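Q: Given next are the chains, with one letter for each unit.
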Amino acid sequence: MYLYPIWVRLWHLFNAILILVLIVTGISMQYTDKQDAVLMIGFARAVKWHNIAAVLLTINYIFFVTGNLFTDNGRFYKIRKENFISDLWKQMKYYSVGMFKGEKHPFPVTPDRKFNPLQKLTYVLAMYVSFPLLIISGLGLLFPETVISRFLGISGMILTDILHITMGFFLSVFMIIHIYTCTLGARPTSLFKSMLSGYHVSEDH
Amino acid sequence: MISTAIRHLHLLLLINLMTSISAVASDYRKAITDPGDSITFISPFYEDNERCFSCHGQKTYEYMNENLELKVKALMFSERVIDRNKFYQSNHKSFSCTDCHSADYVKFPHPGELRMEGMYNCIDCHGGDEKFARFNFEEIESEYKKSTHFQLEKEGFSCWKCHGPHDYKLNIRNSTDIKEAIIYDNNICLKCHSNFDQFQLLSDRDEINILQKHDWLPNQESHFKSVRCIECHSEINDTILVSHLIEPVEKAVRRCNECHSQNSILMSTLYKFQSREQRKDGFLNGIILNQSYVIGANRNEYLNIISLLIFGVVVVIIGIHVYFRLTRK
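Protein chains in written order, with the numbering used here: chain A, 42 to 246; chain B, 26 to 354.
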């Protein structure tokens, strides 16, 4: 079934590339030392590419939010209150026990249900909580003169940076889990192929 | 064009800020004579010094021309104007003018040959004196002699080119506000390096535009407000608090990592005096956090441990999941 329109796939592709650049450059800045370590790209280069990737990511994020506002793709991100906890529990139980017993997927993918409850919650938290906080704090670090100097006796820059690296860390962990769960399709590679072709192969998780 | 103008404006603001800081607390005429107290100190030589300050304490002075029997009002040569407020807050506030200058200056008109009098340098008074041993003036002198300032202009340069004898005061050692200390120290450099008239006195080089020269520096304004010029332009010396070995420009620090790293050089320079407080609330180089924030130098150990733990737990869970997927097919 055709589930991933071209604009979603393009957004996703750019998002993935930019996030990878931001993780590498972000770690290079945070754990920089006198001598550049292996996998570190050097502070000056890291700052330059982190800034460039961050601006592009922000534009890409605006594109994503706008797309969700003006197309029906946004409906996949709406969480309903009824059975929210119990559905979440069902999905977690399936991932941790059920799938190893050969049980059927409790929430199979349909044209109206692209995400299972656990996916929906984590995607909403990632895209509508972590991303905005990451972008706003990132803009603060890019333009330090806009950050309030002190808040409750603590430097505004420290608070902004801690918020930024915390959100960056959560999104990095999300990315690792996201990539792993994408191997849970009909075949380990089928969901990756879906994000390139747009067509979803059923019987996945 | 506009951004250049804004940058020049910022530079002027920095200089003005320094001036206004110095002008605060100028009531030196209270009846306490502790030289350590800048605000309430009154010089035992106040009246004596007024003989000089009555002319040299402001931009204009008056004298009686006996020959013409005329009272003359004239402009004081700007280099000879000494600000009372700054003098009585400076390190040398307890001095009489004639401690350093000839007693013959009390005569007016001043005898012409006095202009040729030799001037003391720091080491002349402070060298070999136990009272000043903690400042290690001998090492300062030795560093200064190796500095590019002295090497390029052996005759014209002296301590006084940076440390005005009439207004210099200990700065970073006594500072409670590192930002103010940075402005004070940077203005010492900017006095010549952003004022070509002053610069020409010591160099035949063309005018140097400091802002253009530092164009490569990201967030230039933040850097200028947060570190001193000497952080990048001098060689670290562990035996003195403030390095005096100003290096040629080719040797200036240009690698961001030198400051933006766990072993930040700022801990051996700007924060040397306070760096005993190495860690604060889990932050490496925590003392920097009191006034500033340096990416790469200020990481939080607690957050590092928590993030490694979370990362480890995720990897273990994925590993277990993969294991069951492979074994329970």
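Simulated from the structure, these hints should not be mistaken for laboratory data.
Remember, predicted model here, so these are calculated numbers, not experimental data.
Some clues are possibly wrong.
[As the list claims (entries may be wrong)] Heads up, simulated SDA-like pairs for lysine to any residue below, C-alpha to C-alpha not over 25 Å straight-line: (1) B:K156 x B:F70; (2) A:K142 x A:L225; (3) B:K179 x B:Y145; (4) A:K145 x B:K156; (5) B:K238 x A:G197; (6) A:K134 x B:I342; (7) B:K171 x B:R109; (8) A:K89 x B:L242; (9) A:K89 x B:Q287; (10) A:K155 x B:V347; (11) B:K111 x B:T85; (12) A:K89 x B:R324; (13) A:K234 x A:N56; (14) B:K179 x B:K156; (15) A:K89 x B:R279; (16) B:K170 x B:C150; (17) A:K89 x B:E283; (18) A:K145 x B:F349; (19) A:K89 x B:N288; (20) B:K216 x B:K156; (21) B:K238 x B:H218; (22) B:K186 x B:L93; (23) A:K89 x B:I320; (24) B:K84 x B:K171; (25) B:K170 x B:N196; (26) B:K156 x B:N262; (27) B:K186 x B:N262; (28) A:K131 x B:I343; (29) A:K142 x B:T85; (30) B:K250 x A:K134; (31) B:K216 x B:R109; (32) A:K134 x B:C150; (33) A:K134 x B:I345.
Q: So, for every hint listed, does it hold in this structure?
A: Each hint tested on the structure:
1. Among the hinted pairs, K156 of chain B with F70 of chain B is consistent with the structure: their alpha-carbon atoms are about 22 Å apart, no more than 25 Å.
2. Restraint check for K142 of chain A and L225 of chain A: satisfied, since their Cα atoms lie roughly 15 Å apart, inside the 25 Å limit.
3. Under the criterion of a C-alpha separation no larger than 25 Å, the hint pairing K179 of chain B with Y145 of chain B is consistent with the structure, at around 16 Å.
4. Distance hint between K145 of chain A and K156 of chain B is unfulfilled; the C-alpha atoms sit about 86 Å from each other, more than 25 Å.
5. The hinted pair formed by K238 of chain B and G197 of chain A fails the criterion: a straight-line CA distance of about 30 Å is larger than 25 Å.
6. A hinted pair counts as satisfied when its Cα atoms are at most 25 Å apart, and K134 of chain A with I342 of chain B qualifies at roughly 14 Å.
7. A threshold of 25 Å between alpha carbons decides the hint, and for K171 of chain B with R109 of chain B the separation of about 34 Å lies outside it, so the pair is violated.
8. For the hint linking K89 of chain A to L242 of chain B, the alpha-carbon distance of about 11 Å falls within 25 Å, and the restraint holds.
9. Restraint check: the Cα-Cα separation between K89 of chain A and Q287 of chain B comes to about 20 Å, which is no more than 25 Å; the hinted pair holds.
10. This hinted pair checks out: K155 of chain A and V347 of chain B have alpha carbons roughly 24 Å apart, not beyond 25 Å.
11. Restraint check: the Cα-Cα separation between K111 of chain B and T85 of chain B comes to about 18 Å, which is no more than 25 Å; the hinted pair holds.
12. Of the pairs offered as hints, the one joining K89 of chain A and R324 of chain B holds, with about 20 Å between alpha carbons and a cut-off of 25 Å not exceeded.
13. The straight-line distance between the Cα atoms of K234 of chain A and N56 of chain A is roughly 17 Å, inside the 25 Å bound, and the hint therefore holds.
14. Note on K179 of chain B and K156 of chain B: the hinted pairing is violated, with a Cα-Cα distance of about 29 Å set against a maximum of 25 Å.
15. Straight-line distance between C-alpha atoms of K89 of chain A and R279 of chain B comes to about 15 Å, which keeps the hinted pair within the 25 Å bound.
16. Taking the CA atoms of K170 of chain B and C150 of chain B, the gap is about 17 Å. The hint holds against a cut of 25 Å.
17. For the given pair, K89 of chain A sits about 17 Å from E283 of chain B by alpha-carbon distance, which is consistent with the 25 Å threshold.
18. For the proposed pair K145 of chain A and F349 of chain B, the alpha carbon gap of about 17 Å is at most 25 Å, so the pair holds.
19. Of the supplied pair hints, the one linking K89 of chain A and N288 of chain B holds, its CA atoms being roughly 22 Å apart against a limit of 25 Å.
20. A distance of roughly 30 Å separates the Cα atoms of K216 of chain B and K156 of chain B; the hinted pair therefore is violated under the 25 Å criterion.
21. A C-alpha spacing of about 11 Å is found between K238 of chain B and H218 of chain B, which places the hinted pair at or below 25 Å, so the restraint holds.
22. A threshold of 25 Å between alpha carbons decides the hint, and for K186 of chain B with L93 of chain B the separation of about 39 Å lies outside it, so the pair is violated.
23. Between K89 of chain A and I320 of chain B, the direct Cα distance comes to roughly 14 Å. Compliance with the 25 Å bound is thereby established for this hinted pair.
24. Annotation: proposed proximity of K84 of chain B to K171 of chain B is violated, straight-line Cα distance about 37 Å (limit 25 Å).
25. Distance check on the hinted pair: K170 of chain B and N196 of chain B sit about 22 Å apart at the alpha-carbon level, within 25 Å; holds.
26. Using a Cα cut-off of 25 Å, the hinted pair K156 of chain B and N262 of chain B holds, with the two alpha carbons roughly 21 Å apart.
27. About 21 Å separates the Cα atoms of K186 of chain B and N262 of chain B, which keeps this hinted pair within 25 Å; it holds.
28. With a C-alpha separation of about 19 Å, the suggested pair K131 of chain A and I343 of chain B falls inside the 25 Å cut-off, and the hint holds.
29. Taking the CA atoms of K142 of chain A and T85 of chain B, the gap is about 98 Å. The hint is violated against a cut of 25 Å.
30. For the hint linking K250 of chain B to K134 of chain A, the alpha-carbon distance of about 56 Å lies beyond 25 Å, and the restraint is violated.
31. Straight-line distance between C-alpha atoms of K216 of chain B and R109 of chain B comes to about 20 Å, which keeps the hinted pair within the 25 Å bound.
32. Pair hint K134 of chain A plus C150 of chain B does not hold up; C-alpha atoms about 82 Å apart against a cutoff of 25 Å.
33. This hinted pair checks out: K134 of chain A and I345 of chain B have alpha carbons roughly 15 Å apart, not beyond 25 Å.
Going down the numbered hints, you'll see the structure goes against 4, 5, 7, 14, 20, 22, 24, 29, 30, 32, while the others check out.
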